[in-house]
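Student: Here the sequence shown is numbered in full-length UniProt numbering, starting from 1 and rising by one per residue.
Don't read these hints as lab results, they were simulated from the structure. Don't take every hint at face value.
To be verified - Just the calculated beta-carbon pair ranges, DEER-fashion:
| # | residue 1 | residue 2 | range |
| --- | --- | --- | --- |
| 1 | Gln233 | His166 | 16 to 26 Å |
| 2 | Ser222 | Ser146 | 34 to 44 Å |
| 3 | Asp140 | Tyr73 | 18 to 28 Å |
| 4 | Arg246 | Gly123 | 19 to 29 Å |
| 5 | Gly10 | Val211 | 34 to 44 Å |
| 6 | Asp230 | Ser53 | 29 to 39 Å |
| 7 | Asp140 | Lys49 | 29 to 39 Å |
| 8 | Thr76 | Arg170 | 18 to 28 Å |
Stated by the list, open to error - Result set (DMTMM-like, lysine to aspartate or glutamate): computed pairs, CA atoms no more than 20 Å apart in a straight line:
| # | residue 1 | residue 2 |
| --- | --- | --- |
| 9 | Lys80 | Glu212 |
| 10 | Lys80 | Asp68 |
| 11 | Lys49 | Asp173 |
| 12 | Lys192 | Asp68 |
| 13 | Lys91 | Glu71 |
| 14 | Lys91 | Asp156 |
| 15 | Lys91 | Glu154 |
| 16 | Lys49 | Asp2 |
| 17 | Lys91 | Asp2 |
| 18 | Lys80 | Glu191 |
| 19 | Lys91 | Asp68 |
| 20 | Lys91 | Asp221 |
| 21 | Lys49 | Asp14 |
| 22 | Lys80 | Asp219 |
| 23 | Lys91 | Glu242 |
| 24 | Lys49 | Glu6 |
| 25 | Lys80 | Glu154 |
| 26 | Lys192 | Glu212 |
| 27 | Lys192 | Asp221 |
| 28 | Lys80 | Glu199 |
| 29 | Lys91 | Asp14 |
| 30 | Lys192 | Glu71 |
| 31 | Lys192 | Asp21 |
| 32 | Lys192 | Asp173 |
| 33 | Lys91 | Glu40 |
| 34 | Lys91 | Asp11 |
| 35 | Lys192 | Glu154 |
| 36 | Lys192 | Glu242 |
| 37 | Lys49 | Asp11 |
All C-beta atoms, glycine included, are put in the ideal place defined by N, C-alpha and C.
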Amino acid sequence: MDLAWEMARGDAPDGSVVIADEQSAGRGRHKRSWVSGGAEDILCSIVLKPRLSLVPELLMIAALACVDVAETYGLTAGVKWPNDVQINGRKLAGVIAESITGPGSDNGTVPSSISRSDSEPAGVIAVIGIGLNVNLNPMDHAEIHSRSTSLSVELDRTIDRAEVFHTLMRCVDRHYSYILSGGTVLPAWREKLTTLGREVTVANGKPGSLVELNGLAMDVDSTGRLLVRDENQRDWPVSSGEVTVREIK
Numbered sequence: 001m002d003l004a005w006e007m008a009r010g011d012a013p014d015g016s017v018v019i020a021d022e023q024s025a026g027r028g029r030h031k032r033s034w035v036s037g038g039a040e041d042i043l044c045s046i047v048l049k050p051r052l053s054l055v056p057e058l059l060m061i062a063a064l065a066c067v068d069v070a071e072t073y074g075l076t077a078g079v080k081w082p083n084d085v086q087i088n089g090r091k092l093a094g095v096i097a098e099s100i101t102g103p104g105s106d107n108g109t110v111p112s113s114i115s116r117s118d119s120e121p122a123g124v125i126a127v128i129g130i131g132l133n134v135n136l137n138p139m140d141h142a143e144i145h146s147r148s149t150s151l152s153v154e155l156d157r158t159i160d161r162a163e164v165f166h167t168l169m170r171c172v173d174r175h176y177s178y179i180l181s182g183g184t185v186l187p188a189w190r191e192k193l194t195t196l197g198r199e200v201t202v203a204n205g206k207p208g209s210l211v212e213l214n215g216l217a218m219d220v221d222s223t224g225r226l227l228v229r230d231e232n233q234r235d236w237p238v239s240s241g242e243v244t245v246r247e248i249k
């Protein structure tokens, strides 16, 4: 994503795409690394310059596009809030969205998590990062083999990466064009969430924090925050933090 941010701060137009065969500094939420073999998967970043009011939906359109790709191949995928696309509980794809606001590329701002300010400053620059497992063999990577999958694993054959990439870009473009025209993908994203109705534990999300929230994932609000109901029947809006689904015994 770093190269995409360099381009975004320059004169890269809305919709510019950076794609890589392999990565040296891939990252996910909370600065985690993304595991992928060389020339196996889709690793891309997309520069977008939307209205600020649309920024909360950028993560949604990226996740939905990955779900669409899976469905194109006859697979059923869902979204573990907020950004993991899964098949039968195993991770197929991860998405991340970062944005900055201000006059453009010369403001020196470091990319941050998506802002949900109601104001509309002069400019918004965003970068979506997508890691989609195409031909990854999780068994080759001890750190992820029990919790990841790929299109190849699910379909038991090698998949054409170029075909997947073009399908993914068409899906992203369709959803992005839709929100630019005044639509919202929130209902479609909500429908794909597998976290709702489940007992969850939410870590605070701040490094070193021991604060946890236990409760029932009830819904999401208009900005995509997860609403978790605790034992006192109070609903807490969660915008960040690691969410673990607890199995009911």
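Student: Look at each hint and say if it fits the structure.
Tutor: Results for each hint:
The supplied range of 16 to 26 Å is broken by glutamine 233 and histidine 166, whose beta-carbon atoms lie about 48 Å from each other. Taking the beta carbon of each, serine 222 and serine 146 are about 36 Å apart, inside 34 to 44 Å as hinted. Range check, aspartate 140 to tyrosine 73: Cβ separation about 21 Å, and the 18 to 28 Å hint holds. In this structure the hint that arginine 246 and glycine 123 lie 19 to 29 Å apart at CB is violated, the actual value being about 42 Å.
With their beta carbons about 40 Å apart, glycine 10 and valine 211 fall inside the hinted range of 34 to 44 Å. A hinted range of 29 to 39 Å for the beta carbons of aspartate 230 and serine 53 is consistent with their spacing of about 30 Å. Between aspartate 140 and lysine 49 the CB atoms are about 38 Å apart, so this pair conforms to the stated range of 29 to 39 Å. For the pair threonine 76 and arginine 170, the supplied restraint of 18 to 28 Å holds, since their beta-carbon distance comes to about 20 Å.
A threshold of 20 Å between alpha carbons decides the hint, and for lysine 80 with glutamate 212 the separation of about 18 Å falls inside it, so the pair holds. Of the pairs offered as hints, the one joining lysine 80 and aspartate 68 holds, with about 15 Å between alpha carbons and a cut-off of 20 Å not exceeded. Of the supplied pair hints, the one linking lysine 49 and aspartate 173 holds, its CA atoms being roughly 13 Å apart against a limit of 20 Å. Restraint check: the Cα-Cα separation between lysine 192 and aspartate 68 comes to about 11 Å, which is no more than 20 Å; the hinted pair holds.
The hinted pair formed by lysine 91 and glutamate 71 meets the criterion: a straight-line CA distance of about 15 Å does not exceed 20 Å. With a CA separation close to 16 Å, the supplied pair lysine 91 and aspartate 156 stays within the 20 Å bound. Our distance criterion of 20 Å between C-alpha atoms is met by lysine 91 and glutamate 154, whose separation comes to about 12 Å. For the given pair, lysine 49 sits about 17 Å from aspartate 2 by alpha-carbon distance, which is consistent with the 20 Å threshold.
About 24 Å separates the Cα atoms of lysine 91 and aspartate 2, which puts this hinted pair outside 20 Å; it is violated. Note on lysine 80 and glutamate 191: the hinted pairing holds, with a Cα-Cα distance of about 11 Å set against a maximum of 20 Å. Simply put, lysine 91 and aspartate 68 have alpha-carbon atoms about 15 Å apart, close enough for the 20 Å limit, and the pair holds. Annotation: proposed proximity of lysine 91 to aspartate 221 is violated, straight-line Cα distance about 24 Å (limit 20 Å).
Between lysine 49 and aspartate 14 the CA atoms are separated by roughly 5 Å; this keeps the pair inside 20 Å, and the hint holds. The suggested pairing of lysine 80 with aspartate 219 holds, with an alpha-carbon distance near 13 Å, which does not exceed 20 Å. For a cut-off of 20 Å, the pair hint linking lysine 91 to glutamate 242 stands: about 15 Å separates their Cα positions. For the given pair, lysine 49 sits about 14 Å from glutamate 6 by alpha-carbon distance, which is consistent with the 20 Å threshold.
Distance restraint check for lysine 80 and glutamate 154: the Cα-Cα separation of roughly 18 Å lies within the 20 Å cut-off, and the hinted pair is therefore satisfied. Pair hint lysine 192 plus glutamate 212 does not hold up; C-alpha atoms about 25 Å apart against a cutoff of 20 Å. As the CA atoms of lysine 192 and aspartate 221 are separated by approximately 15 Å, the hinted pair is consistent with the 20 Å bound. A threshold of 20 Å between alpha carbons decides the hint, and for lysine 80 with glutamate 199 the separation of about 13 Å falls inside it, so the pair holds.
About 29 Å separates the Cα atoms of lysine 91 and aspartate 14, which puts this hinted pair outside 20 Å; it is violated. Between lysine 192 and glutamate 71 the CA atoms are separated by roughly 12 Å; this keeps the pair inside 20 Å, and the hint holds. For the suggested pair lysine 192 and aspartate 21, the alpha carbons sit about 29 Å apart, so the restraint of at most 20 Å is broken. Only pairs whose Cα atoms come within 20 Å are accepted, and lysine 192 paired with aspartate 173 is accepted, the gap being roughly 19 Å.
With a CA separation close to 16 Å, the supplied pair lysine 91 and glutamate 40 stays within the 20 Å bound. With a C-alpha separation of about 34 Å, the suggested pairing of lysine 91 with aspartate 11 is violated against the 20 Å cut-off. Our distance criterion of 20 Å between C-alpha atoms is met by lysine 192 and glutamate 154, whose separation comes to about 19 Å. A C-alpha spacing of about 19 Å is found between lysine 192 and glutamate 242, which places the hinted pair at or below 20 Å, so the restraint holds.
Between lysine 49 and aspartate 11 the alpha-carbon distance is near 11 Å, which keeps this suggested pair within the 20 Å criterion.
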